[in-house]
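Top to bottom, those sequences are chains Z and H.
Residue 65 in my numbering sits at position 63 of the first sequence; the count goes up by one each step and never skips.
Residue 107 in my numbering sits at position 104 of the second sequence; the count goes up by one each step and never skips.
It should be emphasised that the hints constitute simulated quantities derived from the structure, not laboratory data.
Any given hint could turn out to be false.
[What the hints assert, rightly or not] Which bits of chain Z does chain H cover? Going by a derived footprint, with three or more residues having C-beta under 8 angstroms, they are:
(1) 34–45
(2) 48–60
(3) 103–116
Where is the CB? At the ideal position from N, CA and C, for every residue including glycine.
These are the residues of each chain, in order.
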Amino acid sequence: AQSVTQPDIHITVSEGASLELRCNYSYGATPYLFWYVQSPGQGLQLLLKYFSGDTLVQGIKGFEAEFKRSQSSFNLRKPSVHWSDAAEYFCAVGAPNTGNQFYFGTGTSLTVIP
Amino acid sequence: DAGVIQSPRHEVTEMGQEVTLRCKPISGHNSLFWYRQTMMRGLELLIYFNNNVPIDDSGMPEDRFSAKMPNASFSTLKIQPSEPRDSAVYFCASTLGAGGTGELFFGEGSRLTVL
Chain Z
3 AQSVTQPDIH
13 ITVSEGASLE
23 LRCNYSYGAT
33 PYLFWYVQSP
43 GQGLQLLLKY
53 FSGDTLVQGI
63 KGFEAEFKRS
73 QSSFNLRKPS
83 VHWSDAAEYF
93 CAVGAPNTGN
103 QFYFGTGTSL
113 TVIP
Chain H
4 DAGVIQSPRH
14 EVTEMGQEVT
24 LRCKPISGHN
34 SLFWYRQTMM
44 RGLELLIYFN
54 NNVPIDDSGM
64 PEDRFSAKMP
74 NASFSTLKIQ
84 PSEPRDSAVY
94 FCASTLGAGG
104 TGELFFGEGS
114 RLTVL
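With these hints in hand, go ahead and build the complete structure from the sequences.
If you want it as structure tokens, here you go:
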């Protein structure tokens with residue numbers, strides 16, 4: 003069955019430090035992978051997506067993610083975190099031709115310390 | 004583009020009342036999703052429409068919930084009668100295509116409080 007696991011419920015980092023948010027997925031075919039960010043009181047916004055090709059994808063706001071098929075992972079990274087990056091981050095798998103279409107992880111809440 | 008538009012942004016009602024949430028997807032998008040977000044259960048898919056037709060409503064909690072999409076530019080999610088456990092943020096999202104492959108565009112959500 004399709005699923006997405008974000009093992010870290012909450013992460014705290016200092017401003018300027020690097021960041022890595024983990025995401026593992028279970029899907030029988032080549033996955034469509036997404037990272038979304040949700041600021042308080044807002045809907046989810048796409049940060050980046052992977053469909054095929056280069057396994058390192060660049061997104062908005064200086065984020066990048068790397069697809070590793072052997073590890074079934076799609077971790078999100080940022081070299082230097084800004085205070086405005088504090089938000090909830092969701093990893094998602096796109097599953098065409100299934101009922102749900104998209105499977106979301108439970109999210110990782112990021113706190114940034116000044 | 005105006006994005007996905009949801010109304011109302013906030014709704015406070017009493018148990019037993021009918022609640023109707025509305026969504027206008029992005030023009031040209033042919034797939035629409037209703038999600039519910041709570042602290043306990045995270046983001047849950049309630050129902051998915053493609054070309055105005057409900058494709059999967061297995062996430063709809065029970066018969067008190069119903070959703071319609073009478074045309075490509077409008078959808079409603081109705082709860083009747085409402086209960087306190089329905090309190091949540093309800094998101095509408097749309098995308099181009101059959102879903103699963105493209106970016107989901109989310110509205111800002113409707114925060115429902117049932118007293």
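Hints violated by the structure (numbers, ascending): No hint contradicted; all consistent.
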